[in-house]
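Using the sequences plus the hints, can you model the full thing?
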Amino acid sequence: MIIGIPQGLLYAKYHVFATTFMKEIGAKTVASPTTNKSILDEGVRYCVDEACLPMKVYHGHVAWLRGKCDAVLIPRFMSIRPKEHICPMFCGLIEMVSNHIPDLPLLIDTPVYSLNRDRMLIWAKYAARFLTKDQKTVDAAFDKAIMRQNDYKPGINDEGFPAKVALIGHVYNIYDSFINMNLVKKLNALGIGVLTGEYVPGDAIEDEVRQLYKKPFWSLAREYYGAAVYIRKTKMADGIIYLSSFSCGIDSIITELIKCENDEFPFMVLKLDEHTGEAGYDTRLDAFSDMLKRRKTKFARYVS
Amino acid sequence: MLVTFPNMGNVAFAARALCQGLKIPYVMPEKNNKDTLRRGSFYAPEEICLPFKVMLGNFLECIEKGADTILFVGSCGPCRFGEYCELHMKILRRLGYGNVNIVVADFSPEIGIDALRHRIAAISDKSPVGKLEKLKAVKNAMIIEALCDRLDRIAYEMAGYEVNRGTCKRLMYEYKAKILESKEPDETIAMLRGYLRKFGEVKTDLSLDPVKIAIIGEIYTVIDPFSNLYIEEKLMDLGASSSRMLTPTWWVKDLVMKPVKLNSPNINRAARKYMPFPVGGHGKECIGEAVLAAKKGMDGAIQILPLGCMPEVISKAILPSIRRDYSFPFMTLIVDEVTGEAGINTRLEAFLDMLGSIKKRGGSGRKHNLTKMEPAGSLLRRCANEADRKELFFE
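So the sequences go chain by chain: A and B.
Numbered as in the working numbering, the first sequence ends at 304 without a single skipped number.
Numbered as in the working numbering, the second sequence ends at 699 without a single skipped number.
Hints may be right or wrong, so weigh each one.
Stated by the list, open to error - What follows is a list of derived Cβ distance ranges for each label pair:
id: 1; chain 1: B; residue 1: 543; chain 2: A; residue 2: 282; range: 49 to 57 Å
id: 2; chain 1: B; residue 1: 402; chain 2: A; residue 2: 107; range: 45 to 53 Å
id: 3; chain 1: A; residue 1: 125; chain 2: B; residue 2: 661; range: 36 to 44 Å
id: 4; chain 1: A; residue 1: 122; chain 2: B; residue 2: 562; range: 19 to 27 Å
id: 5; chain 1: A; residue 1: 260; chain 2: B; residue 2: 649; range: 33 to 41 Å
Derived from the structure by calculation, the hints contain no laboratory data.
Don't be surprised by glycine CBs; every beta carbon is placed ideally from N, CA and C.
What follows is the structure in structure tokens.
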């Protein structure tokens, strides 16, 4: 049996687990290619107009996998931590995909309620039921997949550049170099190193979030807010770029919360959608990098 | 302490009655208008949904009139509504209203029942009346809310059957104006019951067969007439009969029944096929209502959502499947602060024309069996008797 894995949304974070697990229980896996123009176009064609860009791209990936596999793995992420949620769109993703894309193969849409071991084992058992019902195989595959996943540490922390910005935002925006138009490379070319939120310690995030009146109930929002505020406080970077996609509900709140806390720390929100013109995008990056560098010299002058 | 609350359809009437009953001074927010929205959207983040902007406008207006405590509700669902209070606080603080206290009634296990009791006590301790009086005030507020919802429902539904076009609308405006004049909750209730009787006396022609439309979608924009550009009143003018299930009374009932999973079983059952998992907000309810409306034999449905509402976008993605399975027409109306009214009017008229012509042709050729339909005007016959019924909390 060939299992298709769409290379969109949280693939960037959990693909090691998914691929290893499926391989270990005896399936062949095929991942869709990294996002390209035709995948984006397919996605825009099938997806509901009001959805955000990553959702549209995901539709494109699923559409690409049709005819190339026997089943598509689309985990329904209800939440990844207890009592918290991810975006509502993740809960209804299966419905959006299955109602809009015709001729779909079997969908493995087992819901994920939490990433702790017990819940994930239940997930593994259900997700594997089309291939094997042998508990031992599933357990062994699960352990191996978890081990590999724990070894995999995504994140960017460039050293040796004159300036450094923290790139905060959803993983599926930051690591998809097609939809963010090679943002990391562009920043590097401007002489700016990139730091991603994964390098902020988890305890620090908790501490920052505790300052809020109400703890954000989105796991991702909690991480981004905590990371951004911590980076600003400790000056781990010279500025923050928040990479957001148009009509993302979570980002509309988080960017505002970060702004409210912000004093004079450079902060820029980059919005992505399927029409983003590259020229305007580059200009904003240029301006931001100039500003960062000028600030450095200005402060240097004050010191000397 | 001067209390205020956001304006959301009839909820403000109930909140007003509650304050009157508790003898707490309050500021009644003005009826939502362009100025409220303009002010709210000026200070609100650009991409946030419409309800946030309107509510922020309400708060700013009331604070200028001297209010220093805001009553608000919260949630912990995946929808953005739960984060409103946090953002409202930050924005008000930035505007220099740091002294304004927002009391958030958050119904979740997250904050714990003690914290909720503490927050409610902050308000109720300021009230000079006794415990029994307080309970009575809450009860009266709920009765007023239920009566208002019932009156609105009758008005919207009866508008298609009335002989003299505009009678229902006039009565509806009349009672809403009179509520603001009354000083005591008991007086308000007696007045509203009187109007229930008046609706029973409206001349109707049950042989008329108006276009029947279900209003579904996001709860704030559906309930608050200003946010949806008075769509229900426009439908009244056009001689259509409209109905919606989401009301503030329903919301309270839903909230109470949620822990035991008995909240609106009919809606959940209808939605299960299309949306087996909840998506937050009222996305599942939207689907359930659409299916129920199709089964009930209504002619069409209008989905209303604020721009960027995440749960409703998922519902919108599923509605085409319901349209295909039941051949049930839909129209989706996305509202935000720049929605032009002329375009909406045109779309509404075109939609009604289309539904009318389908009706004339003899239906849209639905294959499935309709469930037992409520005979035309049964609601109207019922409403006169109900005027004297005491338990109007829930239908």
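Pairwise beta carbon distance, residue 260 (chain A) to residue 649 (chain B), judged against the given window 33 to 41 Å: About 39 Å separates the Cβ atoms of residue 260 (chain A) and residue 649 (chain B), which means 33 to 41 Å holds.
Could you say whether the range 19 to 27 Å given as a hint is met by the Cβ separation of residue 122 (chain A) and residue 562 (chain B)? holds, 24 Å
Does the Cβ pair residue 402 (chain B), residue 107 (chain A) satisfy 45 to 53 Å? holds, 51 Å
Given a hinted range of 49 to 57 Å, is it respected by the beta-carbon distance of residue 543 (chain B) and residue 282 (chain A)? Distance hint for residue 543 (chain B), residue 282 (chain A) holds at roughly 56 Å.
C-beta pair residue 125 (chain A), residue 661 (chain B): status relative to the range 36 to 44 Å that was hinted: violated, 54 Å
Of the numbered hints listed earlier, the single one contradicted by the structure is hint 3.
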